[in-house]
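A.B. asks: Counted the way our numbering counts, the sequence shown spans residues 18 to 326.
Calculated from the structure, these hints are not laboratory results.
Just so it is clear, CB atoms sit at the ideal spot from N, CA and C, and this is done for glycine as well.
Since no wrong hints were added, every one of them can be taken at face value.
With a straight-line cut-off of 27 Å between C-alpha atoms, the simulated BS3-like cross-links for lysine-lysine are:
hint, residue 1, residue 2
1, K75, K51
2, K59, K116
3, K145, K192
4, K221, K206
5, K151, K196
6, K218, K203
Cβ pair distances, simulated, as ranges:
hint, residue 1, residue 2, range
7, K51, H108, 15 to 21 Å
8, A228, E195, 20 to 26 Å
9, D91, N149, 31 to 37 Å
10, D266, S299, 31 to 37 Å
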Amino acid sequence: MKKFLFIFATIFILAACSSPYDDLLKEGNEAFDKGEYDQALKLYEYALDEDEDGKEAKEKIEIIDMYNELNSIDEGDWDEAFDLANDILKHDAINDKMKKEVKETLTTVETNKEEEEKLLASLDKIEKDIKNEKFEKAAKALEDFDFTVDSSEVYDRHEELGYSLEDATIAFAEKEREKEEKEAEKKRKEEEKKAAASQSKYDKYYDKAMAIESRMKDAAYDAGYMHDYSVVSYKFVSDWDNLLNEVWDVLKEDLPSDVYDELLEDQREWIQNKEAEYKEYSDKVEADTYLGFTTMNRTVYLITHYIDY
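Turn these sequences into a full structure, and let the hints guide you.
C.D. replies: Okay, here's the thing in structure tokens:
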């Protein structure tokens with residue numbers, strides 16, 4: 018009987034003595050419940066040093082790690098914060114203080130996420146305006162855009178649309194310029210065609226020559242040469258060549274044979290001199306400038322002296 022009582026007393030004493038793991042876990046839980054999570058984390062880690070299979074210590078460490086991660090998430094990463102907050106709330110082991118904080122964070126995240134979606138929807142409308150070439154409306158909307166939440170996605174999208182608007186505006190202006198040039202060229206040709214029907218041959222070819230000369234003056238003015246348009250002659254070589262050939266065909270058909278034969282010899286001599294002079298230039302632009310200017314003078318000479326002879 019005495020032996021039985023001794024064994025029972027020994028078992029009772031052993032049962033009453035807690036292990037180091039249990040002691041550390043208890044201290045960790047006390048710190049956890051007070052919201053002292055850094056201290057609790059250390060105690061739980063010490064507890065695992067005593068018992069690496071400690072389930073409760075592992076769970077509390079996981080909760081604290083997620084909680085710290087939630088608090089370190091960058092402003093604007095609403096999806097990540099939303100998922101992490103919900104994962105924390107799934108744990109039964111969280112205390113009331115943490116549960117309240119996480120729920121408040123979740124509410125803020127949901128509100129900001131909803132606001133972010135509204136801002137992105139507004140940016141979608143601006144993008145649509147840019148595609149529809151409503152540039153003034155889009156520019157005003159981007160300028161007045163109200164960043165009601167701090168979101169990297171919204172900031173990046175807003176900046177991207179700013180660049181898109183700039184590129185689209187430039188492209189539109191270039192397209193309009195090309196359209197205007199084509200319309201102007203079409204109008205010019207129509208006017209030339211209309212005028213040619215009521216002009217004498219002299220007026221017709223003289224006006225053509227003056228039209229080329231006028232474009233030369235405009236080009237010289239644009240290049241900064243106010244009084245000397247000969248410097249841009251190299252740009253109009255083909256224009257004068259084409260007109261010279263047109264004039265020559267008319268002269269060949271209209272001039273008396275003796276006058277034409279004499280002029281033909283003169284023309285051949287002019288061509289030889291022109292080609293020889295052209296070869297003297299080492300610079301291509303200077304050579305073409307000479308070629309354009311001398312061809313212009315020759316064309317005007319033939320028009321004024323031999324058309325309607």
